[in-house]
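S.K.: Sequence:
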Amino acid sequence: MELDARLLAEQRNLIKERDLLLAEAKVFADQRKTGDTESRRTAGKEATRLRRLAQQMCDELEQITVALDLLGHIIASLNRRQEMAHYHYSNWLEVEEKGVYAAKAFQKLGGDGYVNAIKFNAEVLAFLQNVHAICDSFPFALNLYLRSCDFGSRSIGWNEKTMEAFRLSTATSGEIELFNRVERFFADEVFLTLQGIVNCAKHKHLVPIYFNGTKTVFGKLDGKSGHSDLVVKEVMIKVHDVLLPLLIEMLRLVSADDQAEFSG
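The sequence shown lines up with residues -13 to 250 when you count with the numbering used here.
Everything labelled a hint here was simulated from the structure, so no lab data went into it. You may find that some hints are simply not true.
No more than 16 Å apart at the CA atoms, straight line, and that leaves these computed lysine to aspartate or glutamate pairs for EDC-like [claimed, not checked]:
hint : residue 1 : residue 2
1    : Lys224    : Glu161
2    : Lys219    : Asp16
3    : Lys201    : Glu220
4    : Lys147    : Asp136
5    : Lys31     : Asp16
Per label pair, the in silico range of CB-to-CB distance [what the hints assert, rightly or not]:
hint : residue 1 : residue 2 : range
6    : Lys105    : Lys147    : 35 to 45 Å
7    : Glu46     : Asp215    : 18 to 28 Å
8    : Lys188    : Glu83     : 26 to 36 Å
9    : His59     : Gly30     : 17 to 27 Å
Backbone N, C-alpha and C fix where the C-beta goes; we use that ideal spot for every residue, glycine too.
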């Protein structure tokens, strides 16, 4: 059952419950026309209570309608992002040796080993940014189902506030299993490394890449000069072969129980 199917099923159930409440409210409203004063007052109160419950369901139905509309755009976007990530990773594999060769040549000329091959740098950054974008979209997509946070909130993301809201909203065994995976992903070392590289490039400066004599490594992420111990090839492979499959599996759990919405 896909996520939109779950929401549609919930929508149908809410409509049935709302209609039943309104039907009961009408019965009590009709009772106000007969009987003694006390029974009419009691019937009026019950009719009002039932109408309020029905209105709450109407509000929930409006949220589901919005969620279903947003979901279509998000699923299409995530699939396109995944295609882009695979595209840039393939391109990087093709130019990896050229980037290393250029850095070696630059080092022989007295340089610091900075990898100045634009194609190499561009494919590394483009791949990491697209995977990071899929990661950042996941909490918003999950919230469309759980509706833990207001859809318009700008704080939905990989943070403790959102995690706590999700934790309080999970109810079924499937939701709890999914959230356990989400929490493990939130603390995953490769994910934290990806966040560090992309956020530095997005908010501060491009992370330089150097050849340290044996392999290419990222520069430091704290703004200081020099090499970090993050090997470019290792980071790229871990993000592609380990982190991205974990993310896609979580998206499948969100979007389907027995049919995969996302291609691996």
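S.K.: All hints, please: hold or fail.
M.R.: These are the hints, each one checked on the structure:
no. : hint                        : result
1   : Lys224 - Glu161             : violated, 27 Å
2   : Lys219 - Asp16              : violated, 74 Å
3   : Lys201 - Glu220             : holds, 10 Å
4   : Lys147 - Asp136             : holds, 13 Å
5   : Lys31 - Asp16               : holds, 12 Å
6   : Lys105 - Lys147: 35 to 45 Å : holds, 40 Å
7   : Glu46 - Asp215: 18 to 28 Å  : violated, 50 Å
8   : Lys188 - Glu83: 26 to 36 Å  : holds, 28 Å
9   : His59 - Gly30: 17 to 27 Å   : violated, 45 Å
In the structure shown, a violation is registered for the earlier hints numbered 1, 2, 7, 9, in ascending order.
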